[in-house]
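Using the sequences and the hints, build the whole thing.
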Amino acid sequence: MVHLAAVPAPGIVPDTALITQNLTMTINVFQAARRAGVRRIVHASSETLLGIPMAIDPPYVPLDEAAPTRPEFMYAVGKHLEEELARKLVRWDPALRITGLRFSNVMAEEDYAEFPSWQHDTSVRRWNLFGYIDRRDGGQAVLRALENAAPGYDTFIIAAADTVMERPSVELLDAEFPTVSRSRDIVGRVTSSQLSLRPAPS
Numbered sequence: 001m002v003h004l005a006a007v008p009a010p011g012i013v014p015d016t017a018l019i020t021q022n023l024t025m026t027i028n029v030f031q032a033a034r035r036a037g038v039r040r041i042v043h044a045s046s047e048t049l050l051g052i053p054m055a056i057d058p059p060y061v062p063l064d065e066a067a068p069t070r071p072e073f074m075y076a077v078g079k080h081l082e083e084e085l086a087r088k089l090v091r092w093d094p095a096l097r098i099t100g101l102r103f104s105n106v107m108a109e110e111d112y113a114e115f116p117s118w119q120h121d122t123s124v125r126r127w128n129l130f131g132y133i134d135r136r137d138g139g140q141a142v143l144r145a146l147e148n149a150a151p152g153y154d155t156f157i158i159a160a161a162d163t164v165m166e167r168p169s170v171e172l173l174d175a176e177f178p179t180v181s182r183s184r185d186i187v188g189r190v191t192s193s194q195l196s197l198r199p200a201p202s
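Residue 152 in full-length UniProt numbering sits at position 152 of the sequence shown, and the numbers go up by one each step.
Hints listed in this document are in silico derivations from the structure and should not be mistaken for laboratory results. Yeah, the Cβ is synthetic: ideal placement off N, Cα and C, and Gly gets one too. Among these hints, one or two may not hold up.
Simulated DEER-style distance windows between Cβ atoms [claimed, not checked]:
id	residue 1	residue 2	range
1	Arg70	Arg91	43 to 51 Å
2	Glu166	Ala95	42 to 50 Å
3	Ala95	Thr20	24 to 32 Å
4	Pro14	Ala108	20 to 28 Å
5	Glu65	Pro151	15 to 23 Å
6	Trp127	Ala17	22 to 30 Å
7	Arg35	Asp174	50 to 58 Å
8	Arg70	Met25	19 to 27 Å
9	Gly188	Arg35	46 to 54 Å
This is the structure in structure tokens:
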């Protein structure tokens with residue numbers, strides 16, 4: 001079962017409607033899947049749980065799945081609640097497999113034309129640490145997650161291996177997050193994805 005539906009971003013509907021619609025739909029999908037005997041569920045979580053729009057500096061960079069969740073607005077709070085629901089369901093049902101995919105900023109093929117306009121101001125893409133995911137790679141991530149039959153719940157940051165910027169990542173971080181500690185050496189234009197996805201060919 002793949003659940004990617006409901007309100008896809010903040011600002012589309014009022015916060016109360018956003019939380020109600022997203023959380024209610026997720027509860028309904030998860031419960032319907034369990035009652036139908038479905039043992040593998042993949043749902044769309046969000047990178048917004050990591051502190052976007054980064055008004056407060058992250059605890060370290062690059063961020064990874066071990067980073068504490070820091071929802072800063074109601075859409076992210078809803079995603080946090082969906083992840084907590086999934087954790088409870090797999091505890092109640094030890095044979096169940098649920099995977100939460102924390103998608104980065106999803107880009108369609110036509111969106112790449114905007115990349116050049118961002119290159120002269122690092123602050124324009126500070127809000128999500130300069131990350132993105134091609135929608136075709138997002139589809140690959142869903143397929144890979146469905147292949148995982150191990151019971152339990154895990155979340156994965158789904159981001160391209162590079163960034164939307166042409167400058168090396170160290171330069172971007174020095175410009176926008178100069179006091180934030182580095183969790184590892186950073187070489188080239190890198191982000192992090194535990195699924196090790198490659199950017200789709202343009």
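Comparing the hints with the structure gives:
The beta-carbon spacing between Arg70 and Arg91, approximately 24 Å, falls outside the hinted interval of 43 to 51 Å. In this structure, Glu166 and Ala95 meet the distance hint of 42 to 50 Å, their C-beta atoms being roughly 47 Å apart. A hinted range of 24 to 32 Å for the beta carbons of Ala95 and Thr20 is consistent with their spacing of about 30 Å. With their beta carbons about 27 Å apart, Pro14 and Ala108 fall inside the hinted range of 20 to 28 Å.
For the pair Glu65 and Pro151, the beta carbons lie near 18 Å from each other, so the given range of 15 to 23 Å is met. Between Trp127 and Ala17 the beta carbon distance is about 24 Å. The supplied range of 22 to 30 Å therefore holds. With their beta carbons about 52 Å apart, Arg35 and Asp174 fall inside the hinted range of 50 to 58 Å. Separated by about 24 Å at the C-beta atoms, Arg70 and Met25 satisfy the suggested range of 19 to 27 Å.
Our hint of 46 to 54 Å for Gly188 and Arg35 holds, since their Cβ atoms are close to 47 Å apart.
Violated hint for the displayed structure: number 1, the only one.
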